[in-house]
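Chains as they are written, first to last, in our numbering: chain A, 44 to 469; chain B, 44 to 469.
What the hints contain is simulated information worked out from the structure, not anything from laboratory work. Possibly wrong hints are sitting among the right ones.
[Claimed, not checked] No farther apart than 20 Å at their CA atoms in a straight line, the calculated lysine-lysine pairs in the PhoX-like style are these:
1. B:Lys318 / B:Lys283
2. A:Lys251 / A:Lys212
3. B:Lys404 / A:Lys168
4. B:Lys415 / B:Lys69
5. A:Lys253 / A:Lys164
6. B:Lys448 / B:Lys374
7. A:Lys448 / A:Lys464
8. B:Lys171 / A:Lys168
9. A:Lys164 / B:Lys171
10. A:Lys171 / B:Lys60
11. B:Lys74 / B:Lys404
12. B:Lys60 / B:Lys469
13. A:Lys164 / B:Lys168
14. B:Lys415 / B:Lys380
15. A:Lys386 / A:Lys447
16. B:Lys448 / B:Lys464
17. B:Lys321 / B:Lys164
18. A:Lys448 / A:Lys74
19. B:Lys168 / A:Lys168
20. B:Lys168 / A:Lys171
21. A:Lys273 / A:Lys251
Number of protein chains: 2
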Amino acid sequence: MDLFQMSKSELLEFRNKTENEYNSFKSLGLKLDMSRGKPSPEQLDLSMGMLNVLNDGNYKSENGLDCRNYGMLDGIPEAKKFFAPMIGVNENEIIVCGNSSLNVMFWTIQTAFTHGILGEKPWCKCDKIKFLCPTPGYDRHFAICEFFGIEMINIPMHSDGPDMDMIEKLVAEDESIKGIWCVPQYSNPQGICYSDETVKRFAALKTKAKDFRIFWDNAYCIHHLCDEPKYILSILDEAKKVNNENIVYIFGSTSKVTFSGAGVAVIGASLENIKSLKTALGISTISFDKLNQLRHVRFFGTFDNMVEHMKKHRELLAPRFNAVTDMLEEKLAPCGKIAEWTKPQGGYFVSFNAMNGCAKKIVKLCSDAGVKLTGAGATFPYGKDPDDKNIRIAPTYPSTEELKKAMELFIICVKLASAEKLLETK
Amino acid sequence: MDLFQMSKSELLEFRNKTENEYNSFKSLGLKLDMSRGKPSPEQLDLSMGMLNVLNDGNYKSENGLDCRNYGMLDGIPEAKKFFAPMIGVNENEIIVCGNSSLNVMFWTIQTAFTHGILGEKPWCKCDKIKFLCPTPGYDRHFAICEFFGIEMINIPMHSDGPDMDMIEKLVAEDESIKGIWCVPQYSNPQGICYSDETVKRFAALKTKAKDFRIFWDNAYCIHHLCDEPKYILSILDEAKKVNNENIVYIFGSTSKVTFSGAGVAVIGASLENIKSLKTALGISTISFDKLNQLRHVRFFGTFDNMVEHMKKHRELLAPRFNAVTDMLEEKLAPCGKIAEWTKPQGGYFVSFNAMNGCAKKIVKLCSDAGVKLTGAGATFPYGKDPDDKNIRIAPTYPSTEELKKAMELFIICVKLASAEKLLETK
């Protein structure tokens, strides 16, 4: 039943049959939200022990300081040691922050606007600021750019990372290009892991702007869904080898390890970058929530234990991801080349490409029948997918049963939109 | 033994005797830090129960949402209700934030620089930005201004608040004046409470700049040290009466109620201000730590209970404050007009004025003998006390015994510096 092989009348029949299926689904009155990469309640339950680890009344850092009180701007020492390997830096190359890595990214950019980076002109004094945006990508990265009036340039993604030829050429020529967004491991939404060569080329990037920074959002660094996970290289290590260590800010968090609302975020960078960031930070706050940092360190003990803990996540997540990709394989693959999708080895999303011009329609059809997806276009700067084809599927929150129901509907919507698309040219 | 009545030889003798006392003190090798308004360990102990209130596994907000997960950008509804009366606003006029009100203040100013306030020109596009600074005041407020290159204008403080005549005149004339720092209740460091008239005049302020804001840092709003505490008026209520409700941002926190490192901060403002702040906030983060918000609400139950809880603080703090002021009274008052000091009814500090030109010397003498005070000048913009006379005494952290020891030294240092000052003109 390859839709491309169908005659007009066969297609019409297929369309009508699918529309009937859609309408009976609609009458079920589903109400499901698959719009965001949220952990499920069961996954959050895995970290409940963390809330009790301070019950013994020991709230002191290993340096003897009281975590309940002011102080330790850049984090408690054991938290620095604990989180440094997560983002591939040394313990003096990290600041342990509050509950939101997005907020740390926002702050580094806002501070670049008001104060510049390492003595360069504040971005607010520049005529134009541009960022490179590998696409599809994370909508909240793009929203930050839009908020600051940063012009975004789409960069195509390949199976080993963004198009490095294009990136190297652009940053070498244009001083107004000040940054690039990267989710190097299990990229959002495609689940792509940057190859060693990609990381090395990023680390060695020669940029016209001295204040260009790679915003290396390593959100899914320990979020594996497979037996032999791919580890990406430490970009800071690679950058040091070529004397280019100021090129990158590295971000990470436990928002998708412990609690999305009450995790710990970190930023890693060269000593020179960290020193400058700490100066600004010290004006903006006295300290972050160190009790929550202590909770994390006490709950896991070691970084290796946290990695081990993530296997319990995998037990909950893998069946969900499999439900999505198995159903797509079973029910859409036979329809011919009307869609393609990723089978990620980690991360939080399945990236789905419909036929050009169908994504918005599919999302609307799903929404009208009670399943909310990430808005079509959201994975592109300005919310504009030039081909109107990419949809981000977030399988982490619903139960596998709900997910199967939602995917059944999703597949019907894809079929319906595809048939109508094909009918346009018949 | 009024120093002003002494002959030169009497003064010399006094100086030498006092210097001997100082030297024997120095040999004790004290090591005390009275530089910041930090709570004592015993005070932090009063809130230890808060760390266990989620042990029952109920982590849901009253609206049914899971506080462990993403969402509820502006705080959980019960936290809004709980904190609104603390800063004198309605529950739809508040955003419940993270652990640092200083950070919220910083962010509102940084966002005014990058994006402007309610459609006005971003401050980074203005030639000059000025703030009014009632002095003495809080050094971290002034540090934010200095960081952003905001020109600070000193405003004298009176017993009922800042000099309103001067403020009204300046803001009416100068469009580049965009803000004023206020600690309206138990001001830092003098412990002054703004009178009803002062609050009303602030609320009715007519400013040339449309984007002028009062930064109303109500840090000590429930931090009473007396039986019949003075309550200041709600500035937002007063501003509404004169259709001027956009004039103020109100800040508060539990940093000095529960844990300094792990409290909850809030910002209150008019609906129009709140809406605009939330738009910017939603770009910069997904949500704050709602489990910690829930801890606070569950631990106290009601705002009234939190006010009641502060009486336990008073039991710990009042003896400390009394130790300071009693010793000053007993040992310095007989020396004549070489110093004056406040007897605060709340807040965190005793403000001490030495003879002109003596503050730096006194702080240095104390430091050399092992007692660290807030740097002289810190209570003024740019760290410059024009009279070099104000010293902020922070009695909250040390034990009463330590405090008495430290004050003994402090008093010796004041005597020594005063005698030397008087000898200069003999």
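Now the hints, each set against the structure:
1. For a cut-off of 20 Å, the pair hint linking B:Lys318 to B:Lys283 stands: about 17 Å separates their Cα positions.
2. This hinted pair checks out: A:Lys251 and A:Lys212 have alpha carbons roughly 10 Å apart, not beyond 20 Å.
3. Between B:Lys404 and A:Lys168, the direct Cα distance comes to roughly 42 Å. Violation of the 20 Å bound is thereby established for this hinted pair.
4. Restraint check for B:Lys415 and B:Lys69: the C-alpha separation of about 13 Å stays at or below 20 Å, so the hint holds.
5. Between the alpha carbons of A:Lys253 and A:Lys164 the distance comes to roughly 10 Å, so the proposed pair stays at or under 20 Å and holds.
6. Restraint check for B:Lys448 and B:Lys374: the C-alpha separation of about 13 Å stays at or below 20 Å, so the hint holds.
7. In summary, the hint linking A:Lys448 to A:Lys464 is not supported, as the alpha carbons are separated by about 24 Å, beyond the 20 Å threshold.
8. Straight-line distance between C-alpha atoms of B:Lys171 and A:Lys168 comes to about 14 Å, which keeps the hinted pair within the 20 Å bound.
9. Between A:Lys164 and B:Lys171 the CA atoms are separated by roughly 18 Å; this keeps the pair inside 20 Å, and the hint holds.
10. A threshold of 20 Å between alpha carbons decides the hint, and for A:Lys171 with B:Lys60 the separation of about 68 Å lies outside it, so the pair is violated.
11. For the proposed pair B:Lys74 and B:Lys404, the alpha carbon gap of about 19 Å is at most 20 Å, so the pair holds.
12. For the hint pairing B:Lys60 with B:Lys469, the CA-to-CA distance comes to about 18 Å; that is within 20 Å, so the pair holds.
13. Distance restraint check for A:Lys164 and B:Lys168: the Cα-Cα separation of roughly 14 Å lies within the 20 Å cut-off, and the hinted pair is therefore satisfied.
14. Restraint check for B:Lys415 and B:Lys380: not satisfied, since their Cα atoms lie roughly 25 Å apart, outside the 20 Å limit.
15. For the proposed pair A:Lys386 and A:Lys447, the alpha carbon gap of about 16 Å is at most 20 Å, so the pair holds.
16. Taking the CA atoms of B:Lys448 and B:Lys464, the gap is near 24 Å; set against the 20 Å cutoff, the hint is violated.
17. Taking the CA atoms of B:Lys321 and B:Lys164, the gap is near 19 Å; set against the 20 Å cutoff, the hint holds.
18. Note on A:Lys448 and A:Lys74: the hinted pairing holds, with a Cα-Cα distance of about 11 Å set against a maximum of 20 Å.
19. The suggested pairing of B:Lys168 with A:Lys168 holds, with an alpha-carbon distance near 8 Å, which does not exceed 20 Å.
20. Straight-line distance between C-alpha atoms of B:Lys168 and A:Lys171 comes to about 14 Å, which keeps the hinted pair within the 20 Å bound.
21. A C-alpha spacing of about 32 Å is found between A:Lys273 and A:Lys251, which places the hinted pair above 20 Å, so the restraint is violated.
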